[in-house]
Amino acid sequence: MQQDSPGTDTRLALDLALTVRHDGHGQVADDLADPAGLTAWVLAHPGVVPDTEAFAADASTLAAVRDVRAATRALFARTVRPSRPSPADAARLLPVPEALRCLNEAAARTPTVPVLAWSEAADPVVRAAPAQGTRADLAAALAQAVIGFLVGPDRPRLRACHAPRCVRYFLKEHSRQEWCKPSCGNRARVARHQDRRRRTA
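At position 64 of the sequence shown (counting the first as 1) the number is 72 in our numbering, and the numbers step up by one without a gap.
Worth flagging that the hints you see were computed from the coordinates, not collected in a lab.
Here the structure is a predicted model, which means the values were calculated and not measured.
Do not take every clue at face value.
What the hints assert, rightly or not - In the SDA-like style, the derived pairs of lysine to any residue whose C-alpha atoms are separated by at most 25 Å in a straight line are:
no. : residue 1 : residue 2
1   : Lys180    : Cys192
2   : Lys180    : Val121
3   : Lys189    : Pro43
4   : Lys189    : Arg29
5   : Lys180    : Gln140
6   : Lys189    : Ala37
7   : Lys189    : Asp39
8   : Lys180    : Gly15
9   : Lys189    : Thr208
10  : Lys180    : Leu101
When you get a sec, could you build the whole thing from the sequences and use the hints?
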């Protein structure tokens, strides 16, 4: 059965987690390795902070966002249990209590209020916006989105892709889906075939 489209919090939480990815050459790449990478990521996600076009990351913002991402991936690993976490995380996961503390502390840095938006062509949606007189904090906005995802309806669909060389998390869209994308399924089938041939040789 086809699932509903993921909500804003879900997309943002997944996109943050997926800034850790396979580089295509057998290694793990980090899209948030430096402030320029974070700036590019925010520009590709309009609406995460007000005045996205004017956003420029600095070292302290980068460190705060990377902390939220580490907490997110640790809690994603907990979500997919008893399945294995992403191979990128297996050896360096934060303990769950530390991940929870990190996420909650980051989320609390910007007091927010619910803001209702209702365009002519869509259903009403509520988004959290900084309370009057406070400045938006990127790490806080991301932590709040991750919390929204973890308590929302999409969390039970979260899976870690275990195709060779993949380090992604994904939402299971239908009952037979095992990998994040078809190319991962192809790699997994080839690897299984080669393994069978080795064992019978």
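Check your understanding: What hints, given by number in increasing order, does this structure fail?
Key -> 2, 3, 5 and 9
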